[in-house]
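*Asks:* My request is simple: use the sequences and hints to build the entire structure.
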Amino acid sequence: MLFKKISLVICFIAIFSFSILSNEVSASSSNVTDWLNEEEEGENSPTEQEGNNQEEQVEQGQVEESGSMLFDLIKMFFALVLVLALIYVLLKFLNKRNKLFTKVRALESLGGVSVGQNKSVQIVRLGDRFYLLGVGDNVELLQEITDENVKADLIRQDEAQQQGTGGILADLFQSKGKSTTSTMKSDGPDFKDLFSGELKKLKSNRNKLIQQQKQKEDRHE
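With mature numbering (1 follows the signal peptide of the UniProt record, and there is no 0) applied, the sequence shown covers -22 to -1, 1 to 199.
Treat the hints with care, since some could be wrong.
With a straight-line cut-off of 25 Å between C-alpha atoms, the simulated DSS-like cross-links for lysine-lysine are [what the hints assert, rightly or not]:
#1 K194 x K97
#2 K178 x K97
#3 K179 x K97
#4 K179 x K129
#5 K181 x K194
No lab work stands behind these hints: they were computed from the structure.
*Replies:* Structure, rendered in structure tokens:
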């Protein structure tokens, strides 16, 4: 949102500067017309001396106006270069800021599934480690995700989501981004499948722990 506002301000400044320069060019052309009108009036004057003076003034005015038009064109060129340079610097700054934000980001939620009223299971990324959390009245650590394939798929999907929320430049290549995202999703397993697989592993681990606890109790009896 901030990037769009800044881009609109820069575009407004560019249009405003071009309108001012175009007004100057039109004013210059009107001055040339005035000189030509004076030349015609000079031809109709009774004395030859006045006509010669007016011709000299017209020639001098044309030279001055041609020089001013050239100067206006040069100003327009440099104004355009300045606007493009400002846009380039702004894009570089925002790109660098996004990279720094991504590096500094330590804790990140990758999504979750609701399993009941006010209860959900969430996947949380902490650095290079992934955890499965149960969120309800309390937050409990259910399991750490150690499968490298699952971790790689989660990272890939997170990067695809970040690329999908770019900005003005991302909107220009929206169709290309969608095709890339769909290709990445088709290559790897779906997020729900990964989540259901992790839940199945969690249930099996709990069942094993319950059975082991029962066996220990039976032995003590």
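*Asks:* For each hint, tell me whether it holds in the structure or not.
*Replies:* For each hint, the structure was consulted:
{"no.": "1", "hint": "K194 x K97", "result": "violated (32 Å)"}
{"no.": "2", "hint": "K178 x K97", "result": "holds (18 Å)"}
{"no.": "3", "hint": "K179 x K97", "result": "holds (19 Å)"}
{"no.": "4", "hint": "K179 x K129", "result": "holds (15 Å)"}
{"no.": "5", "hint": "K181 x K194", "result": "holds (20 Å)"}
Checked against the numbered hints listed earlier, the structure breaks hint 1 alone; every other hint is satisfied.
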